[in-house]
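Asker: Here the protein sequences come in this chain order: A and B.
Using the working numbering, the first residue of the first sequence is number 921, and each one after it goes up by one.
Using the working numbering, the first residue of the second sequence is number 93, and each one after it goes up by one.
Warning: the hint list may mix true and false statements.
Cross-link-like lysine to any residue pairs, in silico, SDA-like; alpha carbons within 20 Å at most [unchecked claim]:
(1) B:Lys656 - A:Asn1010
(2) B:Lys656 - A:Asp1011
(3) B:Lys656 - A:Arg978
(4) B:Lys826 - B:Ile746
(5) B:Lys379 - B:Val398
(6) A:Lys1066 - A:Gln943
(7) B:Lys656 - A:Ala960
(8) B:Lys656 - A:Gly979
(9) B:Lys778 - B:Ile746
(10) A:Lys951 - A:Gly1055
(11) B:Lys656 - A:Pro965
(12) B:Lys441 - B:Asp396
(13) B:Lys656 - A:Val1060
(14) B:Lys656 - A:Leu977
(15) B:Lys656 - A:Arg980
(16) B:Lys656 - B:Gln362
(17) B:Lys477 - B:Leu489
(18) B:Lys656 - A:Lys951
It is worth saying that the hints were derived from the structure and are not from the lab.
Read off the chains here:
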Amino acid sequence: MTIREDAGDDASHAFVTFMVAGQVLGIPVMKVQDILTPEAIARVPLGPPDVRGLINLRGRIVTVIDVRTRLALTAAAPGKNQGMCVTVENDGELYTLLVDDVGDVVSLPAEAREPVPPTLDSSWTDLAEGVFRMGDELLVALDIAKLLDIRRKN
Amino acid sequence: MDDLLSEFITETNESIATLDVELVRFERESSDTAILGNIFRLMHTIKGTCGFLGLPRLEAVAHAGENVLGKFRDGELPVTPQAVTLILRCIDHIRVLLAELEAAGREPDGDDHVLIGEINAVADGTQTRMAVTPQESNAGDSAPVFDEAGFPVAAELLAEVAQALGPVSDGFPPLGDTFVEPAPEPEPEPAPQSVAPAKAPEAPREASSEAPAHAVSSIRVNVDVIENLMTLISELVLTRNQLMQLQRSQKGGEFKVPLQRLSHITSDLQDGVTRMRMQPIGNAWAKLPRIVRDLCLDAGKKIDLVQRGEGTELDRQVLELIKDPLTHMIRNSADHGIEDPATRLGAGKPETGTILLEAYHESGHIFIRIADDGRGLNVERIRQKALANGLVTEAELAGLSEKQILQFIFRPGFSTAEKVTSVSGRGVGMDVVRTNIERIGGTIEMTSVAGEGTTFLIKIPLTLAIVSALIVQTAGERFALPQINVVELVRADARSGTRIETIKDAPVLRLRDRLLPLVSLRGLLGLGEAKADSDRFIVVTELGSFKFGIVVDRVFDTEEIVVKPVAPILRGNPYYAGNTILGDGSVIMILDPNGVAAAAGQARTGNDGAASAAAAHAGGDLTSLLLFRAGGTELKAVTLDTVSRIEEIDAGAIEHVGGRPVVQYRQQLMPLVMLGDGQSFKPSGKQPLLVFTENGQSLGIAVDEVVDIARDHVELELAPRGDGLIGSAIIAGKATDLVDIRHYLMRSRDNWFAPESVEAAHG
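In isolation and in its complexed conformation, chain A is listed as follows (with noise of 0.2 Å):
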């Protein structure tokens, strides 16, 4: 997938937007590589809990992030959709993320974008890169390095 460098200019930011647990979070569009319907997700026993497991993306195994575990919220409740699956590559790797479901991509004007606020949850600020005021909802963007450097969390 090939996206061309002029999303991000004029100071306006294209994200992805998705939601988990009724919360609207976007990442850079740019960054997103593939969105899928996650089938046959293999477990990885004593695995980080923030690892749903593994699945074969065309030949490719690639990692799922359990997206609401890592945002330290709570489980899904059982027997809803399997949810939906935001492709992200990092240091060469493939990771996906696993969330409840996946909005449209969003252009957001520079000046819509409003610092973290500091009473958010310590596990959100950490991984949050900024706030953005999106018509009357807010569209927390994820840093995805952050987001996928689940060895210095634990």
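With chain A held as given, fit chain B onto it using these hints.
Answerer: Just chain B, lined up with the frame of chain A:
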């Protein structure tokens, strides 16, 4: 650097490697003109190409070497070790120059007249005289060169050398230990001849006729291209497997035939590419004869390096990785293993020692055997060294068998060499060898008999990229186990008579003569409680000489898998060696038998039996112990892996021979031993026995009851306080005496057989 030059460097490096081997062979069979012809041709090619490419320094050196070789060929010079050494040094020098040429892209400055002078001195036949009277100058000795009847070729060569040298400046340090005084520089030829080195007038005819044949039958391909192709083939194989599985689950037949063809072609393609990566193991051995030869000259030993199966092919990647370990081990054998001729004769052995280097294929693996008929490893010295290095305590040593003590040589920083020689004894040795071999999924075993020699056996997979793996299942999760470590599968159920016995929580299996420690994959990976009646399979796994069983729910087929490294965030888990995609497209984890073995209480470094007791002290690993009571209420323990079997015999079956209790056990009389004074056999019913076997002899220790199997860190609390005990330790929260089984084995044998047999066995 232009293509021509880089190709020259590659080619010349190969020629040099061949020259090394051939020269050593030639030295031994100096009458074989075919070998000499080949050597001459190689040297000549190097010289000719150098001239063509305008590399005067290299050309001059090669030229001087060729000069001597020519005289060997014409029978004008006797083939002496000194002369061969000089040619070898000449080759070494070419190698050095080549390396500099490769690094800098041009021939380095400097000159080589010292070496060339020496070589020429030999060529002129003055060297032998110089050895007697070193003071004698050979400045005038170029005279014979001009003797028309004698050496017309040499005259021409000398002229070339002189011209190539140009103005002489002594900027080059002498190479190693010179054995003759550097000869004065040759007189420059007063009448310069027009020299066209590429024309190579003195070329032997076979040189020009043989070389082109090689060029046609093979081409040079960049390694990266092959690696890339291999990756693609791996993916293709996986895709093929997926398609085949889809096909199997569907009724429709129209894809069947083309799919079959695709499958065949893929297999052929895989074979082809795999073969493309294969190289004869002889390539990794190429420099060994030279190393052994130099070492012999250095140390005044006589060693015959016998090579067998050098045509055995193995993966290029594997080849690269075993090159250094092999070199190291051969050096070890030659330096430490083989004695000097006098010692050998004194020990009633032939003067010339033999090192056997053998490679062969067997059941999908490559075996490499390195055997010497030297002095064997000195168990006593290893024992002392292990003590001195703090690897083990004296009390622990007492409980270790000879074989277990030998395993210490695989520990980091362990070397018994009394003095560091130029080749070995620096203490960076066998642990590195072992690590390197394990890194490619191989294993190494060692046996040594004092006075008779040492044998190493290395087992490595054919190829690294695609491995054969056994797919197992536990708690609904599938895992892959490398086939190389699997020795057998045992189904444990009541009908087959084999069952998993759990003494308290520790599972064991009686497998023929041994108690096999078991690891439950379910428990290891935290996959929940087992169902009591689920069918259990035991994958008997072998690591070096350590065997253990992995308990799983189901065993599927074996499958060819492509090992892929796990994602960085999953690394650090010792149980996984990687992950892979199976034919059906699912992702599974590949288990690392080393990690699983560690969980079985087995120290990774001590790969035989109760070496774990020592390792427990050094590395904090767990030791499996069998706890029992015998005479009195206090707990006693032995390390589990020393126990062959736990038996129950009828009390009535105990007989007495010569006042000592025995029992008929497997067509032998087995002596029975009591541990405590206050102990007695049960008057009736069943008498439990612990059976120990060493060197084919069994010993039964009568116990009152077997209590438990515990896994614990053994920290000896007390010094030995009497015969038959290693000491006391707190095991599973209770004070426990550790029984020294060796003591009882020796004592029983002492009584049973002639006393000297004890000495022989334990020397």
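Asker: Now, for every hint given, state plainly whether the structure supports it.
Answerer: Hint by hint, here is what the structure shows:
no.	hint	result
1	B:Lys656 - A:Asn1010	holds (17 Å)
2	B:Lys656 - A:Asp1011	holds (16 Å)
3	B:Lys656 - A:Arg978	holds (14 Å)
4	B:Lys826 - B:Ile746	violated (32 Å)
5	B:Lys379 - B:Val398	holds (14 Å)
6	A:Lys1066 - A:Gln943	holds (19 Å)
7	B:Lys656 - A:Ala960	holds (19 Å)
8	B:Lys656 - A:Gly979	holds (11 Å)
9	B:Lys778 - B:Ile746	holds (11 Å)
10	A:Lys951 - A:Gly1055	violated (24 Å)
11	B:Lys656 - A:Pro965	holds (17 Å)
12	B:Lys441 - B:Asp396	holds (14 Å)
13	B:Lys656 - A:Val1060	violated (35 Å)
14	B:Lys656 - A:Leu977	holds (14 Å)
15	B:Lys656 - A:Arg980	holds (9 Å)
16	B:Lys656 - B:Gln362	holds (18 Å)
17	B:Lys477 - B:Leu489	holds (11 Å)
18	B:Lys656 - A:Lys951	violated (24 Å)
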